[in-house]
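Undergrad: Residue numbers (this note's numbering), protein chains in the order written: chain W, 141 to 528; chain C, 54 to 184; chain E, 7 to 356.
Hints listed in this document are in silico derivations from the structure and should not be mistaken for laboratory results.
Predicted, not measured: the structure shown is a model, and the values here were computed from it.
Please note: incorrect hints may appear among the correct ones.
[Claimed, not checked] Calculated pairs, BS3-like style, for lysine-lysine (alpha carbon to alpha carbon, straight line, at most 27 Å): (1) K393(W) - K415(W); (2) K144(W) - K415(W); (3) K93(C) - K76(C); (4) K152(C) - K332(W); (5) K10(E) - K82(E); (6) K249(E) - K234(E); (7) K234(E) - K13(E); (8) K132(C) - K393(W); (9) K393(W) - K64(C); (10) K82(E) - K64(C); (11) K64(C) - K96(E); (12) K393(W) - K152(C); (13) K181(W) - K373(W); (14) K373(W) - K415(W); (15) K76(C) - K393(W); (16) K10(E) - K30(E); (17) K64(C) - K79(E); (18) K80(C) - K79(E); (19) K393(W) - K93(C).
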Amino acid sequence: MMRKREVAIIGIGQSKVGEHWDKSIRQLASEAIVSAIKDAKIERVDMLYVGNALSGELALQEHLGAAIADFSGLRTVEAYKVEAAGASGAAALRLGYLAVAGGLADFVVVCGVEKVTDAPAERVNSALSLGIDGEYERELGLSLIALNALIMRRYMYEYGYELRDFAGFSVNAHKNAANNPYAMFRNPITEKAFVEARMVVEPINLLDSSPVADGAAAVVLCPMEMAKDFQAKPVRIASSAAATDTLALHDRKDPLFLEAAYLSARRAYEIAGIKPEDVDLFELYDSFTIMAALSLEAAGFAERGQGVRLAMEGQISLDGRIPISTMGGLKARGNPLGATGVYQVAEAVLQLRHEAGPNQVKDAHWALVQSIGGVGSTVVTHILEGPD
Amino acid sequence: MSLPAVWRTRKQRYSLVGEVCSKCGAKIFPPRDVCPECSKPAQTPYSFSGRGVVYSFAVVYQASEEFEEYAPYAVAMVKLEEGPMVTAQLTDVDPEEVKVGMPVEMVTRKLYEEGEGGVIHYGYKFRPRVG
Amino acid sequence: MLLKTAKPVGIVGYGAYVPRYRIKAEEIARVWTGGNMEPPVREKSVPGLDEDTVTIALEAARNALARARIDPKLIKAVWVGSESHPYAVKPTGTIVAEAIGATPYVQAGDWEFACKAGTEALQAALGLVGSGMADYVLVIGADTAQGRPGDALEYTAAAGGAAFIIGPAEESLAIIEASCSYVTDTPDFFRRPKRNYPSHGARFTGEPAYFHHIEMAARTLMEEMGYKPQDFAYAVFHQPNLKFPQTIARKLGFAPEQIKEGLLVGEIGNTYAASSLIGLTAVLDVAKPGERILLVSFGSGAGSDAFSILTTDRLPERQALAPSTRAYIARRKEVDYALYVRYRRKLEME
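Turn these sequences into a full structure, and let the hints steer you where they fit.
TA: Shown next as structure tokens:
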């Protein structure tokens, strides 16, 4: 498959992740889009892709493409909602990338947005499980968290881990979020607090589960050849790849292996022409610590069953071998579902522009960014290259 | 799940009725008409024995709306003796007693009710073998 | 007065189910009387949150099917007797029939006659099979009985199920020689549709109800068959508590050893429509070929069905094909009154 053109990210915009009682889904999105367009200094938008997972269910609004284009000053621009459960934001980026790379659009805005607080908490919890198998998982009493808990228990059983071994993922995320003004939780947590936290679905506890809240983030794409007219530090999308796996966890060939993550990462490395050793930071999908561990394994940073060791040995910190969740990750920056994938990209862009402040990863040049939908049923991976 | 969806899948949920592939003999659950092993059409009904082993388990303390009144409850991935893996609740067992590798058998129990006046959803769960 | 079938029929499969949970009578007494009461049973069974008459009937039915070893498609009626059918309109039988694979060419209407709903259905089953209309009929008595908090019946209202597949005598593990039903309009215990709990007439439920109907049905059956109590190896009576069946057994001339195997109420409480039937399953689990069993149910409202049953030499090989009733009784987990109240949904949640 041949790309027609290289694609650059020339602008980013983010909102604080949290409870935005005073903003509707359109207002949230609009804020991020206007901010991104301002950062990119563009005057024309050719397409808008809106990554969103649950607007119909939780914000009672479908047709988000038109709704948000209208409210963001982009009336008449072609616009679509893109949905792939937790990977919606990343999927929206992929489609925006395809449009620019294929020569069909020059200026594309990709916005991820989610508004959960208009719905009661019980409905939000139930809605999170719309991304798993409705007939053979949800109907039987399973939820997305429960499926992750099943993976975690088996992983602990096969590789001999204890709960405390996973603490490093959450502790690292919270530590990094302290310096991220857009993060939902900026308080540090300790390993002790992690081990003693109340169970949600055992063995997953409250300090293991990423918080779901409102949020919006946006990026602006344009062909690499034009980028310097708009942004002194354009970030190149070196590759974009996606794969799916069975919807139901019980249908997986190996429930402890994120095959879609492995396939999309491998393809992304291939197209970008780099290896795991070249990666300077990995914005992975730490919805739960077990997902972080398995993502590290699938992307080639650890052998099977050894992903947790990277957290135990401090290798995931900003100065470690493979920094993850550099601005707080899903765990502490927060998980506004359909918006998350775009937050991950915006954060990676800050790192590659060397604008990450106290969280700057030294000499960051290659960033791996990955989002997961459901329990690994859709995985979208991007590799970004910094300007220097 | 909607009423028609509940009705469509009743034999699967009440009695673990799946399929057997007429080409390669693989037992399939849930039924999907194309064999996941050899990709040939598979439409012959097959009733699973219900016997299996716990592959993994978890304990749900915070449940979705419909299941709230039953929490806390254990869930498990169960490897059926005929091959397929299913996910379901465990019942008639204290969560502390559950172990990976525990032999279990299928029983049909209430999943939830759509309120006091609504339809009752029944489906498979697994429990330690009796007798 | 005696009911006999045109073709000889019998039981080709039987099965029981008792839930795992138990509450001791003394625990109920602790809450309501400060311990000041004489427990009518030691403990009773309590259904789990995910159990109801459908699930209980279904497991008993599956056990009966395992012992019968017949193709479920040959079952022409699935009749469940209960006073706690989960739906007032939509028969329990339809769900059980679907789940065991007896649909679609099958009868599946529900039965109600208080604690004799199951044996009422059994009488009809004898007719359907005995007339040649059906090869097999599945009959189930099952209940998740509710006791009004603090009432005398709360000590005994329990949950359980017993299922029987009736078929040709030539395939039976026990043949049904004859039966007799005795029914009058006697309002000893009843429930109006919008009430959660039944009303009962206290001591009125004794002599004019339980004792009169059981005695009449049993004596009529025995006289017309020319049988004496000694002709029976076992006698199983409806068991609302320990005292009543022991008293009627004595009155009819049966010895304690004859009723011992089938008397389960002390350990699992009164399983209502399953009561006498589950006692029969416990007897069939241990009986030998050629033994005669008297089964007499009682249902408030009121009536009794009496059956004379004779085991065949097919029985021993079928006993182990499903869990025994004693295996279910031995499977027990005690709950306190608070958990019991939660499981029985006695709390107003809204």
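Undergrad: Give a verdict on every hint.
TA: Taking the hints in turn, this is what the structure says about them:
1. Between the alpha carbons of K393(W) and K415(W) the distance comes to roughly 26 Å, so the proposed pair stays at or under 27 Å and holds.
2. For the given pair, K144(W) sits about 23 Å from K415(W) by alpha-carbon distance, which is consistent with the 27 Å threshold.
3. Distance check on the hinted pair: K93(C) and K76(C) sit about 7 Å apart at the alpha-carbon level, within 27 Å; holds.
4. Restraint check for K152(C) and K332(W): the C-alpha separation of about 26 Å stays at or below 27 Å, so the hint holds.
5. Distance restraint check for K10(E) and K82(E): the Cα-Cα separation of roughly 20 Å lies within the 27 Å cut-off, and the hinted pair is therefore satisfied.
6. Annotation: proposed proximity of K249(E) to K234(E) holds, straight-line Cα distance about 23 Å (limit 27 Å).
7. Of the supplied pair hints, the one linking K234(E) and K13(E) holds, its CA atoms being roughly 25 Å apart against a limit of 27 Å.
8. With a C-alpha separation of about 13 Å, the suggested pairing of K132(C) with K393(W) holds against the 27 Å cut-off.
9. For the hint pairing K393(W) with K64(C), the CA-to-CA distance comes to about 25 Å; that is within 27 Å, so the pair holds.
10. Of the pairs offered as hints, the one joining K82(E) and K64(C) holds, with about 19 Å between alpha carbons and a cut-off of 27 Å not exceeded.
11. Note on K64(C) and K96(E): the hinted pairing holds, with a Cα-Cα distance of about 18 Å set against a maximum of 27 Å.
12. Between K393(W) and K152(C) the alpha-carbon distance is near 22 Å, which keeps this suggested pair within the 27 Å criterion.
13. Straight-line distance between C-alpha atoms of K181(W) and K373(W) comes to about 13 Å, which keeps the hinted pair within the 27 Å bound.
14. As the CA atoms of K373(W) and K415(W) are separated by approximately 24 Å, the hinted pair is consistent with the 27 Å bound.
15. Simply put, K76(C) and K393(W) have alpha-carbon atoms about 20 Å apart, close enough for the 27 Å limit, and the pair holds.
16. As the CA atoms of K10(E) and K30(E) are separated by approximately 42 Å, the hinted pair breaks the 27 Å bound.
17. The hinted pair formed by K64(C) and K79(E) meets the criterion: a straight-line CA distance of about 14 Å does not exceed 27 Å.
18. A C-alpha spacing of about 22 Å is found between K80(C) and K79(E), which places the hinted pair at or below 27 Å, so the restraint holds.
19. For the suggested pair K393(W) and K93(C), the alpha carbons sit about 18 Å apart, so the restraint of at most 27 Å is met.
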